[in-house]
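Asks: Whole structure, please, built from the sequences with the hints as guidance.
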Amino acid sequence: MAKPAYKRILLKLSGEALMGEDAYGINRATISNIVGQVKEIVDLGVEVGIVIGGGNIFRGVAPAADGMDRAQADYMGMLATVMNALALQDAMRHIGIEARVQSALGIEFVEPYVRAKALRALEKGRVVIFGAGTGNPFFTTDTAAALRGAEIDAEIVLKATKVDGVYTADPKKDPTATLYETVTFDEAIAKNLKVMDATAFTLCRDQKLPIAVFNIFKVGALKRVVMGENEGTRVVI
30 MAKPAYKRIL LKLSGEALMG EDAYGINRAT ISNIVGQVKE IVDLGVEVGI
80 VIGGGNIFRG VAPAADGMDR AQADYMGMLA TVMNALALQD AMRHIGIEAR
130 VQSALGIEFV EPYVRAKALR ALEKGRVVIF GAGTGNPFFT TDTAAALRGA
180 EIDAEIVLKA TKVDGVYTAD PKKDPTATLY ETVTFDEAIA KNLKVMDATA
230 FTLCRDQKLP IAVFNIFKVG ALKRVVMGEN EGTRVVI
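Each number in the working numbering corresponds to the 1-based position in the sequence shown with 29 added.
Please note: incorrect hints may appear among the correct ones.
Computed cross-link-like contacts, DSS-like style, restricted to lysine-lysine with a CA-CA straight-line distance of at most 25 Å [stated by the list, open to error]:
no., residue 1, residue 2
1, K201, K237
2, K153, K32
3, K223, K191
4, K252, K237
5, K220, K153
Just the calculated beta-carbon pair ranges, DEER-fashion [said to hold, decoys possible]:
no., residue 1, residue 2, range
6, D203, R57, 34 to 40 Å
7, R99, D119, 29 to 35 Å
8, A34, K68, 14 to 20 Å
9, E216, A52, 19 to 25 Å
10, R149, K220, 38 to 44 Å
11, D203, P166, 30 to 36 Å
12, D51, G249, 19 to 25 Å
13, K68, P200, 27 to 33 Å
14, E50, G135, 31 to 37 Å
It should be emphasised that the hints constitute simulated quantities derived from the structure, not laboratory data. Note that the coordinates shown come from a computational prediction; the quantities given were computed from them, not determined experimentally. C-beta: ideal position from N, C-alpha, C; glycine also.
Replies: Listed below in structure tokens is the structure:
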């Protein structure tokens, strides 16, 4: 049986990914599908850290935050990510995955983020879900994914999206757009490809932490990426 290409990964999930076809909140069928895919790779022995966004509930840069103090709005967004983290943990519990939630903000009923504890949990085969972003306003959850990925010594950051990877142009607007199988960090910068926000992207580049962008709604895509198969787009040094 083929072995996974990666021993430890950091999976970045957007809050919007949990909505499914809904306009807001958490779609139970969608979250069940996502955690089912996570179970596939956990069963292969892959150690999984997850950073979850909060855009299905609230985002500091969303129209709903218009007129609000940016830092205050970002803190609200961080709380939304903790709600999503708890929902993921609960869905995982139902299918036999042991998961820990760690928050960058002090919340009494959630374990605080401590790197050493996160590493121990990963080594024991537990999924660690990181909530509250970086714990600081003005930083995206993409940046939190890059930061936690570097901290836990992940071999790759997997960015789960609704599209198949990184294209030469927006495939919704340009029918001639083609998918990159592999692109370097420098090429992505030169061509202004929107992989992650600039802070997150630069952190991954500086830490020599590759990124894979793939469609989480494509059946078996997460497993194929982890197995090193031709799926999505890989951003490499």
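Asks: Output the numbers, in ascending order, of every earlier hint that fails for this structure.
Replies: Hints 1, 5 and 9 contradicted; others consistent.
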